[in-house]
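J.: Listed below are the residues making up each chain.
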Amino acid sequence: MAAITTHALVKEYPGGVRGVDGVDIAIADGEFFALLGPSGCGKTTLLRSIAGLETITEGQLLIGDRDVTRLEPGQRGVAMVFQDYALFPHMDVADNIAYPLKIRRQPRSARRGVASEVGDGLSLTGLMERRPGQLSGGQQQRVALARAVATRPEVLLLDEPLSNLDARLRLEARTFLKELQRELAVTTVFVTHDQAEALALADRIAVMSAGKLIQVGTPREVFAKPATTFVAGFIGSTPMNLLAARVEGGQVRLGSAVVPMPLDAVGAVTDGAEVVWGARPEYLGWSTTAVEGGVEAEVTVVENLGASVLVTAVAGADRLQLVLGEDDEPAPGSRGWVTVPPRRTLLFDAESGRRLDAERAREDAVAVDVAP
Amino acid sequence: MAGLGRFGAGAFVAPALALIGLFLVFPALWTIYLGMTDYRLTGLQAVDPSFVGLDNYEQILGDPAFWRSLRLTLVFVLASGIVGQSLLGFAIAWALRRLTGWLKSVVETLVLAAWVIPASVASFLWIALLDRRGGTLNEILGTQGTAWLIEHPMAMIIIFNIWVGTAFSMLLFSSALASVPPSQLESARMAGASGWQQLRDVVIPNIRGHILTNTLLITLWTFNTFTPYLVTAGGPNGASEILAVYIYNTAIPGGQLGVGAAISLIMLLINLVIALGYLRVGRARAARPAEATAAETAGGAATS
Amino acid sequence: MTETRTTAAAPPPLAARVARAPRARHFVSRLLTVIGLALLVVFFGVPLAWLATAPFDSAPTLAVAWPDWTLSNFAAIGENRYAIGSFVNSAIIGFGTCVVVLVLGAFASYALSRVRIPGRDGLLYALLLLSSIVTGTAAMVPTFQLVNMLGLIDTHLAVVLVVSGGTLPTVIFILKDFMDSIPRSYEESARLYGARPWQILRDVVVPIARPGLAFVAVWTLVQVWGNFLVPYLLIRRTQQQPAAVLMYTFYTESGQADLRLLSAFALIFSIPIIVMYFLVNRRYGFRFHGGIKS
Chain A
3 MAAITTHALV KEYPGGVRGV DGVDIAIADG EFFALLGPSG CGKTTLLRSI AGLETITEGQ
63 LLIGDRDVTR LEPGQRGVAM VFQDYALFPH MDVADNIAYP LKIRRQPRSA RRGVASEVGD
123 GLSLTGLMER RPGQLSGGQQ QRVALARAVA TRPEVLLLDE PLSNLDARLR LEARTFLKEL
183 QRELAVTTVF VTHDQAEALA LADRIAVMSA GKLIQVGTPR EVFAKPATTF VAGFIGSTPM
243 NLLAARVEGG QVRLGSAVVP MPLDAVGAVT DGAEVVWGAR PEYLGWSTTA VEGGVEAEVT
303 VVENLGASVL VTAVAGADRL QLVLGEDDEP APGSRGWVTV PPRRTLLFDA ESGRRLDAER
363 AREDAVAVDV AP
Chain B
217 MAGLGRFGAG AFVAPALALI GLFLVFPALW TIYLGMTDYR LTGLQAVDPS FVGLDNYEQI
277 LGDPAFWRSL RLTLVFVLAS GIVGQSLLGF AIAWALRRLT GWLKSVVETL VLAAWVIPAS
337 VASFLWIALL DRRGGTLNEI LGTQGTAWLI EHPMAMIIIF NIWVGTAFSM LLFSSALASV
397 PPSQLESARM AGASGWQQLR DVVIPNIRGH ILTNTLLITL WTFNTFTPYL VTAGGPNGAS
457 EILAVYIYNT AIPGGQLGVG AAISLIMLLI NLVIALGYLR VGRARAARPA EATAAETAGG
517 AATS
Chain C
3 MTETRTTAAA PPPLAARVAR APRARHFVSR LLTVIGLALL VVFFGVPLAW LATAPFDSAP
63 TLAVAWPDWT LSNFAAIGEN RYAIGSFVNS AIIGFGTCVV VLVLGAFASY ALSRVRIPGR
123 DGLLYALLLL SSIVTGTAAM VPTFQLVNML GLIDTHLAVV LVVSGGTLPT VIFILKDFMD
183 SIPRSYEESA RLYGARPWQI LRDVVVPIAR PGLAFVAVWT LVQVWGNFLV PYLLIRRTQQ
243 QPAAVLMYTF YTESGQADLR LLSAFALIFS IPIIVMYFLV NRRYGFRFHG GIKS
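Protein chains in written order, with my numbering: chain A, 3 to 374; chain B, 217 to 520; chain C, 3 to 296.
Quick caveat, the hints were computed from the structure, so don't treat them as lab data.
Beta carbons are placed, not taken as given, at the ideal position from N, Cα and C, and that holds for glycine.
Hints are supplied without guarantee of correctness; some may be wrong.
[Claimed, not checked] Output of the computed footprint for chain C on chain B, the stretches with three or more beta carbons under 8 Å from beta carbons of chain C: (1) 262-276; (2) 293-299; (3) 327-333; (4) 392-405; (5) 414-426; (6) 475-485.
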């Protein structure tokens, strides 16, 4: 078990493309940590750099107290489960699980023992003689996990661990994975492009874009207080409403409507500032009677999500989406007011996309003061 | 990459490259030098060959035997390779394309067997077939006493080479025909196209790449084949002495290694021209997939 | 009744006329196809028929004839001084070449598949091109001289090395295809557990590439087994000659050929290659660079 620390980590490809561009990250011992981002953001490159499969161009990587920046993958004490599981098709399950021990020249009997012990822990009993081709996707994943943990690694890396499973199995595997991680208490880093997966599994999430870390935080922080409009748009199963707005007299003007100033932003903006107003569909409400600080809108589309509905409403040039309970479902074409809780809405700087936050502004100011 | 590194990769490749270098590249280059010496198999020049510059080439280009050999080779390549093997191979593939069952198996097996049996066996089968006194062909045709290999040596090695080599074209065109999208053929059929029209309008355009590949490979192989030597040894009196056989007869039994090397170089140059043609066509065909792969790799590198 | 008669007398309806003409044409084309195929069977079959009949005929002639069945011809092989030895020679040369080509080819193709060396594809194509233009034929003089200088004339090693050098580019090309198709994650996974490159090759790559290696082994064997020119050029002593060369001397150098020996010898010599070829063809089909023999 060990913490992972990187200092200004850079992975540059021939030709100057930077897959990882100056990443500073500190992953605590035993933490379940997600690298989240769209494809091409550098998350897999970062994971592979930690594994040692990519040579690090600049910077430093520590696992525990050891500087492993230049070590071979086999010397780092990391194990990895690949997206395609990388189970050797010519070996049976037991041989696959015990392969790391074979490399460490452990005798065959010891290998068999460990394989069956680890296999039992991952409900693979009775499958030990099978070849990977004879297993279901979920079983293959468990074999790959078993192989990864058979050597008791200090760090477990998972590359898109759930992407090769079908939708129904994915949920089951997610719970299983979280249980397993708790049980082993091994520092685990996983890569995903699925924000729901990251929110559900991780203790903390790092959102990446273009090789850089955009935000690191708990799922709750990342969901409720995204650092930028990019994170805001990326996290959440229905994307956050992001509308161009302007600050007017301590309130926010959206087209013809005026909504209350989000609490976080009070004191962080001046009158006349061009901003982006953000609100999660789940936090917006609907009223058939006029509401102070509400946005009058017309319902155009209603999509059924099971226990809730996703409503798209148009207010002038703006489109708003809101998630309502099934009992509150409005009829398409009807008019009403979108209600806006100031505690749950956010403002972003129109130019930089950064969230405007009175508290953070103060912190930044302090940081600037302290800087030499 | 792959934990191998430049050095490790070099160590993995080096032995193979050394062998290729010594026994493939070196002889090719050495031919250039040898062709400019009076090197002989026996006698004084075997011990101490001297440099004679372009004398060998002067001698060769002035030798009617060389020009006759080149002409024979041309006829041989055209008749047995390009026309014979390619057309017959295509015809068989076309005739068998929708056939199943024993007839298809019999035809395929026979054509393939002719291809895979060792050349020295195939040659003897034809020597026996064409024998003047006891040969099967004379028995079938009732032409006892006809010495086919002496009266028509070129025609015989051409037919022999068709017999030996058609399998390749058959296999290549079979897989080419199988790759023609059935929907295109069905569309043509629904438009009322006859078999010939389907062939012309749908099949040929679809397999143009295969046709080029086949033609050029066959040309190269037929140009270089030594097997007819086993049937006629170039005779009688050089009447079937194609270039490969001419080199052998000049260099080994004739003992003129230097002259043989000079002819070899001419042959290598002709080969190079044919092969470059093949590469050009091949590259034009491969350009698109290759680009796609490159783009994928680049994308893969850029992707997380 | 009358109605029926009128219909019969009248010209057939358009639809029927249209239908009948293609049917006739179809029949003709079908007939032509069958005749053509029959001619093909004769053309390819008659020369081969001798190989099937003569070895079993107690008094074989050059002509194809229904044999007077016997197996005594095969005894003639044992009586010949060189015949059995030549099969051994062929086997040694074939096996030797297979080993050299497989080992060197596997290492080289793996490295070439995994490491980005600038100009790798160009090099590969150039070698492939070279191997197809520098056939035994065009380079026979320098090859002979080289082997002579190395003092390897009349040795099996010479044939093994020359044939290996000539086939390696193709072998590497084919094997690289197989290596390319092995997901890198397999090796990366092994690397994470500390496996060295040779361990990865032994534990992961070779077992997975086994079909490719088998294919290349058979391909090489077919190439070597029937190869005439290289051993003919490099091996002069009869005791050392492989079957391909001995077969040729049987019908050229001994005045009146012994057809009993010749036919039995030819059959035994051909069978392994035919069996191997059809085995591979059945198993792997015609997927690889234009088949087995080139």
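J.: Could you run down the list of hints and mark each one as holding or not?
T.: Results for each hint:
Evaluation of the coverage hint for the region 262-276 of chain B: breached, as 0 residues show C-beta separations to chain C shorter than 8 Å, against a requirement of three. Interface restraint, the region 293-299 of chain B with chain C: violated (0 residues with C-beta to C-beta distance below 8 Å; minimum three). Closer than 8 Å: that is the beta-carbon criterion, and the region 327-333 of chain B has 7 residues meeting it against chain C, so the requirement of 3 holds. Judged by the Cβ-Cβ criterion of 8 Å, the region 392-405 of chain B is not covered by chain C as claimed, because only 0 of its residues qualify and three are needed.
Given a C-beta distance limit of less than 8 Å, the hint that chain C covers the region 414-426 of chain B is violated, as 0 residues qualify and 3 are needed. Using a Cβ-Cβ cut-off of 8 Å, 5 residues of the region 475-485 of chain B lie near chain C, which meets the minimum of three, so the contact claim holds.
When held up to the earlier numbered hints, the structure conflicts with 1, 2, 4 and 5 and fits the remainder.
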